[in-house]
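Given chain A, put chain B in place with the hints provided.
Protein chains: 2
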Amino acid sequence: MSIGIYFGRVVKQLREEHRYSQEALADRASLNRTYLGEVERGVAVPSLATIAKIASALNISASELIALSERQQQLHITPQEKSLQAAVV
Amino acid sequence: MSIGIYFGRVVKQLREEHRYSQEALADRASLNRTYLGEVERGVAVPSLATIAKIASALNISASELIALSERQQQLHITPQEKSLQAAVV
Numbered sequence: 001m002s003i004g005i006y007f008g009r010v011v012k013q014l015r016e017e018h019r020y021s022q023e024a025l026a027d028r029a030s031l032n033r034t035y036l037g038e039v040e041r042g043v044a045v046p047s048l049a050t051i052a053k054i055a056s057a058l059n060i061s062a063s064e065l066i067a068l069s070e071r072q073q074q075l076h077i078t079p080q081e082k083s084l085q086a087a088v089v
Numbered sequence: 001m002s003i004g005i006y007f008g009r010v011v012k013q014l015r016e017e018h019r020y021s022q023e024a025l026a027d028r029a030s031l032n033r034t035y036l037g038e039v040e041r042g043v044a045v046p047s048l049a050t051i052a053k054i055a056s057a058l059n060i061s062a063s064e065l066i067a068l069s070e071r072q073q074q075l076h077i078t079p080q081e082k083s084l085q086a087a088v089v
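Chains as they are written, first to last, in the numbering used here: chain A, 1 to 89; chain B, 1 to 89.
The following block holds chain A by itself, in its conformation from the complex (with noise of 0.2 Å):
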């Protein structure tokens, strides 16, 4: 699955962690809350302009969202992904 995916999914429980509503975290982001739950659903995919400012309503840096989003794909991936990988490298 697609990084947007697992992005969608650490906004969603770091937002949870935060007890903040969707449109709470949307006021703090300056975002629509429409569009913050697409982004939590990974229907819509966030620009760096987006993830820059969700970050900065959670209080952490867009790298260290991004990476807690790779972290999530890399626990979620399948044998058959994890050794096509390996073969890659």
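Rather than coming from a laboratory, the hints here were simulated on the basis of the structure.
Don't take every hint at face value.
Here are the simulated BS3-like pairs of lysine-lysine, each with C-alpha atoms no more than 27 Å apart in a straight line [stated by the list, open to error]:
1) K53(A) x K12(A)
2) K53(A) x K53(B)
3) K53(B) x K12(B)
4) K12(A) x K12(B)
5) K12(A) x K53(B)
Quick look at chain B alone, frame taken from chain A:
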């Protein structure tokens, strides 16, 4: 200045370190060369999907690419912005 400007500069710098032409990097990343040029100049703001493609084509992770951009941004922050940042923290 926005993170997109620094992202573009970092992409250009890494591309040149790899001795890739814009065309070669665009090919590796499955992007249009004109679009890659716009990203490098900070004119186009890349999506997370595009960031992942460019990072992969440069053999680094998306989070490392963003971290390099953030470092560049921090280096270019003005004294006024620095004191404002300190005041906010």
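Hint check:
1. K53(A) x K12(A): holds, 14 Å
2. K53(A) x K53(B): holds, 21 Å
3. K53(B) x K12(B): Holds, because 14 Å separates the two Cα atoms, which is no more than 27 Å.
4. K12(A) x K12(B): violated, 33 Å
5. K12(A) x K53(B): holds, 24 Å
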